[in-house]
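Peer 1: Using the hints provided, position chains B and C relative to the given structure of chain A.
Line by line, the protein sequences give chains A, B and C. The working numbering puts the first residue of the first sequence at 2, with every later residue one more than the last. The working numbering puts the first residue of the second sequence at 67, with every later residue one more than the last. The working numbering puts the first residue of the third sequence at 475, with every later residue one more than the last.
Since the hints were derived computationally from the structure, they do not count as laboratory data. Note that beta-carbon positions come from the ideal geometry of N, C-alpha and C, so glycine has one too. Please note that a few of the clues may not be correct.
[Unchecked claim] With a straight-line cut-off of 25 Å between C-alpha atoms, the simulated DMTMM-like cross-links for lysine to aspartate or glutamate are:
(1) 705/C <-> 738/C
(2) 514/C <-> 196/B
(3) 705/C <-> 651/C
(4) 511/C <-> 217/B
(5) 809/C <-> 192/A
[Unchecked claim] Every beta carbon over 10 Å from chain C, so not counted as near; a handful from chain B, in silico:
(6) 87
(7) 103
(8) 105
(9) 108
(10) 123
(11) 131
(12) 158
(13) 164
(14) 194
(15) 195
(16) 196
(17) 228
(18) 229
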Amino acid sequence: MTLIEGMTSGFFQSISLSVFPYLFVGSLFGLIIGVIPGLSGHFAMAMAVTFLYTMEPGAGIAFLLGAHATVAQGGGLTAILFSTPGTGQNAATLLDGPPMRDKGQAGLAVGAAMASCFLGATFGAVVLALLIPVLREVVLFFGPPEVFVLAFLALTFVAVLGKEDMTRSLIAALLGLLLAMIGVDNVTNTERFTLGSERLADGLSLVPVILGLFAVAEMIDLWARGGSLAKDMPTALSAKETQKQIFKGIGTAFRHWWLVMRCSAIGTAMGLIPGLGSAPAAFVAYGHAKQTSKDKANFGKGSIEGVMGPEAANDAVEGGALASTLAFGIPGSSSMAILLSGLFILGLETGPRMLNANVDLVFIMIFTIIIGNLIGTIVGMFLVNPLSRATSIRASVMVPVLMAIIATGAYAGDRAIFDIGVAIVFGIVGYVMKVLNYSRAALLIGFVLGFAVEKNLYLALLLDGPYFLFQPIPLGLAVITVLFLGWNVWSIYRDRRRRIIPGEPVS
Amino acid sequence: MDEDGKTIRERYGNRFALEVCFLAFVGLIVVLAFFEALTYALVSARTPLVIMVPLLILIVIHAVRLYRNSGGLRTREHIVHAVTGGSPHLKKVVGISGWMLGLVAIITVLGHYAGVFLFCTILMRALAGESWKMTLLVAAAATLFIFGVFEYVFNIDLYRGVVIRYFLGYRDF
Amino acid sequence: MRRTFLKTMAATFVACSTAGFGIAASAQDAADFYEGKVIKWIVPYDPGGGYDEYSRLIAPYFEKHSGARVDIVNMPGSGGMKGAVEIFNSPSDGLTVGIINGSAMVTNQLAGIAGADYKVGDYNYLGRIVADRRVFVTSDSSGIRSFEDFRDNGETEIVGATGLGGSTYVDAVITGEVLDMDQKVVHGFDRSGDVRTAMLRGDVDAMWGSIGSALEGINSGDHYVILHGEKNPTGVLEGIPSVYDIARGMENGEEKVKILESWDALSAVGRPVAAPPGVPEDRLAFLRDAFEKAMNDPEFVQSSQEAKRELAYASGEEMGQLAKAATELSPEVEKLFVSAIRGEI
Numbered sequence: 002m003t004l005i006e007g008m009t010s011g012f013f014q015s016i017s018l019s020v021f022p023y024l025f026v027g028s029l030f031g032l033i034i035g036v037i038p039g040l041s042g043h044f045a046m047a048m049a050v051t052f053l054y055t056m057e058p059g060a061g062i063a064f065l066l067g068a069h070a071t072v073a074q075g076g077g078l079t080a081i082l083f084s085t086p087g088t089g090q091n092a093a094t095l096l097d098g099p100p101m102r103d104k105g106q107a108g109l110a111v112g113a114a115m116a117s118c119f120l121g122a123t124f125g126a127v128v129l130a131l132l133i134p135v136l137r138e139v140v141l142f143f144g145p146p147e148v149f150v151l152a153f154l155a156l157t158f159v160a161v162l163g164k165e166d167m168t169r170s171l172i173a174a175l176l177g178l179l180l181a182m183i184g185v186d187n188v189t190n191t192e193r194f195t196l197g198s199e200r201l202a203d204g205l206s207l208v209p210v211i212l213g214l215f216a217v218a219e220m221i222d223l224w225a226r227g228g229s230l231a232k233d234m235p236t237a238l239s240a241k242e243t244q245k246q247i248f249k250g251i252g253t254a255f256r257h258w259w260l261v262m263r264c265s266a267i268g269t270a271m272g273l274i275p276g277l278g279s280a281p282a283a284f285v286a287y288g289h290a291k292q293t294s295k296d297k298a299n300f301g302k303g304s305i306e307g308v309m310g311p312e313a314a315n316d317a318v319e320g321g322a323l324a325s326t327l328a329f330g331i332p333g334s335s336s337m338a339i340l341l342s343g344l345f346i347l348g349l350e351t352g353p354r355m356l357n358a359n360v361d362l363v364f365i366m367i368f369t370i371i372i373g374n375l376i377g378t379i380v381g382m383f384l385v386n387p388l389s390r391a392t393s394i395r396a397s398v399m400v401p402v403l404m405a406i407i408a409t410g411a412y413a414g415d416r417a418i419f420d421i422g423v424a425i426v427f428g429i430v431g432y433v434m435k436v437l438n439y440s441r442a443a444l445l446i447g448f449v450l451g452f453a454v455e456k457n458l459y460l461a462l463l464l465d466g467p468y469f470l471f472q473p474i475p476l477g478l479a480v481i482t483v484l485f486l487g488w489n490v491w492s493i494y495r496d497r498r499r500r501i502i503p504g505e506p507v508s
Numbered sequence: 067m068d069e070d071g072k073t074i075r076e077r078y079g080n081r082f083a084l085e086v087c088f089l090a091f092v093g094l095i096v097v098l099a100f101f102e103a104l105t106y107a108l109v110s111a112r113t114p115l116v117i118m119v120p121l122l123i124l125i126v127i128h129a130v131r132l133y134r135n136s137g138g139l140r141t142r143e144h145i146v147h148a149v150t151g152g153s154p155h156l157k158k159v160v161g162i163s164g165w166m167l168g169l170v171a172i173i174t175v176l177g178h179y180a181g182v183f184l185f186c187t188i189l190m191r192a193l194a195g196e197s198w199k200m201t202l203l204v205a206a207a208a209t210l211f212i213f214g215v216f217e218y219v220f221n222i223d224l225y226r227g228v229v230i231r232y233f234l235g236y237r238d239f
Numbered sequence: 475m476r477r478t479f480l481k482t483m484a485a486t487f488v489a490c491s492t493a494g495f496g497i498a499a500s501a502q503d504a505a506d507f508y509e510g511k512v513i514k515w516i517v518p519y520d521p522g523g524g525y526d527e528y529s530r531l532i533a534p535y536f537e538k539h540s541g542a543r544v545d546i547v548n549m550p551g552s553g554g555m556k557g558a559v560e561i562f563n564s565p566s567d568g569l570t571v572g573i574i575n576g577s578a579m580v581t582n583q584l585a586g587i588a589g590a591d592y593k594v595g596d597y598n599y600l601g602r603i604v605a606d607r608r609v610f611v612t613s614d615s616s617g618i619r620s621f622e623d624f625r626d627n628g629e630t631e632i633v634g635a636t637g638l639g640g641s642t643y644v645d646a647v648i649t650g651e652v653l654d655m656d657q658k659v660v661h662g663f664d665r666s667g668d669v670r671t672a673m674l675r676g677d678v679d680a681m682w683g684s685i686g687s688a689l690e691g692i693n694s695g696d697h698y699v700i701l702h703g704e705k706n707p708t709g710v711l712e713g714i715p716s717v718y719d720i721a722r723g724m725e726n727g728e729e730k731v732k733i734l735e736s737w738d739a740l741s742a743v744g745r746p747v748a749a750p751p752g753v754p755e756d757r758l759a760f761l762r763d764a765f766e767k768a769m770n771d772p773e774f775v776q777s778s779q780e781a782k783r784e785l786a787y788a789s790g791e792e793m794g795q796l797a798k799a800a801t802e803l804s805p806e807v808e809k810l811f812v813s814a815i816r817g818e819i
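The following block holds chain A by itself, in its conformation from the complex:
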């Protein structure tokens, strides 16, 4: 089957009556899972897979990928409206989404976020399609040395995020790295920092930590200050006003198409790298958006670019991750692993054979991602109104209810009470960090990348010896990292000397 035949066949199959209903239901399913705090793409896949045993391949793919595609969109919705990240990928949206809501621009933020998600996903899917002939070579490109240096590069983006307050951000990032060390060491099976607890031997789960740092901390803040979620808005926006804002937001995303494309490219590229997960991509995109913005000061206070960047990236990640999963049948992340098993259950084989003989199925996947995101955007628009009303409910009602849902979401991941405790502890820590201006984003990046950095470093050393760094590609990437870091440090000093120091003591 040639590429064009596959493309047309795939397209018509995606919109056919036997497939489209599953696509629709799957997208809704994913959206709802994304909205509920703590339930992530991994969870969506796990739930979706259980339904697959009775489906045809085409329908099954549509259901599975439709669900996967919209989780990040739903997560973006809650991140902006309730300051609680629905999934790990949406943590970066918390930096500028809630501030926009506070200013009364919730609709604008949501519209921009959803449109960026859609554009990002389309970009990722298209790249996937274009890469099909060379997928194998591209994925084989990333071995332990490359992943190590790339993870390190992502880590240096902390410098960009924490520009205003380097010391605090670096402390936060290093703490995050240290937290990633808790658990059983992959190499020698020694338990590190586990205090003898068996639960800790598995390490800290990502979802409770994110929920704690961002969602629970927000709840503590809300409870302590009273009022409602939308800080500066005493009354809710009218439905009409919200609708207008949503359309304006969508328009903004399309107007900033170049930024959206760049961030989508970042997302797709990072999705191709196995083992990094999707949260770093969003933060890297955020950092990039900030760096290239003409309005840097507004980042963190409600800049729409700070919402569009991460949202574009976190949906594009899926396209990239799917590419590496399809090329060999080797999953790049845990949700991809479940997706892969889903494909096996449907009787599909991935790898070169699928790419050669069943190209139309691959295109069904691609079109499912695009159409699924579109459905998610449209449905999401309808969800925004009722949900944004909730942001004006007073704290004394909101906090207990949201906390209960957050606690359940924290439990649902691994069926562990311990995770609820983790979320709460990190909530307290996150609140303190928020008050003291320590970057929680930096801690999160450190935490997420810590394990990837160490594991790949170890494997790289074992496989190639200490000179692995001098192989062409890792060397090139390392040089880029050093240059990038150097430039950022220099620009900080330059800004400091230029800036007139305000009355507040510099700390």
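Peer 2: Showing chains B and C alone in chain A's frame:
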């Protein structure tokens, strides 16, 4: 003056005191972790140590900087003031944190639903002074929502609590 | 005399038929008990994995032959131990069963790993679904096409493995030790899929794995099987030496074969379905019967073929013996295994 009746300077002083405590706490933990890491084999200890050395240096640098800027802030007084209940804001924060941990405790013993219901009820009624009608309505609605979505739609068994599990015949909790 | 004889006969007859009736009655009791009830089936891994797939494939047939509804619950964690412990400590009313990673649970128990709060030998087994056939594959780029190549090429080959104590690791280390293989085991890869990618990149030369996961690579020409652990090779494995063949050709062949047989006992435990200790006899018998019927149901066999999942049924009683054989090893062999699991070799 803002809603707590404090001046900006006082608020800054409070924040400063908080940061001192936070930094001291973090510093202590990292030092303990440092000594813990020294007991591991080199292969396991290598990465944690590489992380902790710059971390400790940064903490020290930051602490020094804080100390230099602390002139006239009477940090110790702020800490004492806060600990002895002088700050309503802090009281609220500690209150909710404590109750959240209490939520975990109740869930462990009595199960998820009892925990959620009691948590919502206590928070809304006792701490926030909402009316009984509102409290019970919202608490019940939240519990039912969680039940419906998680147990029914997603088919996840929420934790039944040590007590119930014991009576069901489980030998491990 | 005749009367006593007749009387005895009559008495015996009555006794037998009552006993028979009793057994039949308790079988009937058990069937009645399970009719309409819900059996909780614990899977110690995430949905979509092999254990989950096997469970969901067999569940409808188990339901058919037991009359009860099967409710599959995923409980991932601690590499499968969390679920295994949950099964072990569940109420013993016969309403909770689960599938476990038998071989991994055995190695964890032997090595005394924290969290192994169960005794593999004490489970009430319903039976075994499959025992993965272990094969040793090399990558195309390593240039090794047979075991002779591996042994005689004078280079130390790199063998990839996932975690310490995992089956890929234990297989590599034990066979390497026993067969005196010139290899360096690099472990620390997250998943066996990552090891496979490393093989494709050329970072790693060989790995141990189950034949199921290796088949695709074999068929596409990326991988070559040079060794395996089967005593009676069939299909793709015909003509390829087994570890026993190699061992027999070496010094101390008999001892080596014995150690390898213990190793085989380890993998023979495979993927069993088990109930906690203490389940009443009649219910256990009923469950075992339902399991056997489900495993042999022609529709089930067909659907697992379509899903490309192998089957290797063993009954509950056989499983009990296999579990014992795997955990009751001779002291020297146990010492060897434990140090292998702990990474001390």
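Peer 1: Output the indices of the hints that this structure fails to meet, ascending.
Peer 2: Checked against the structure, the only hint that fails is number 2, while the rest are satisfied.
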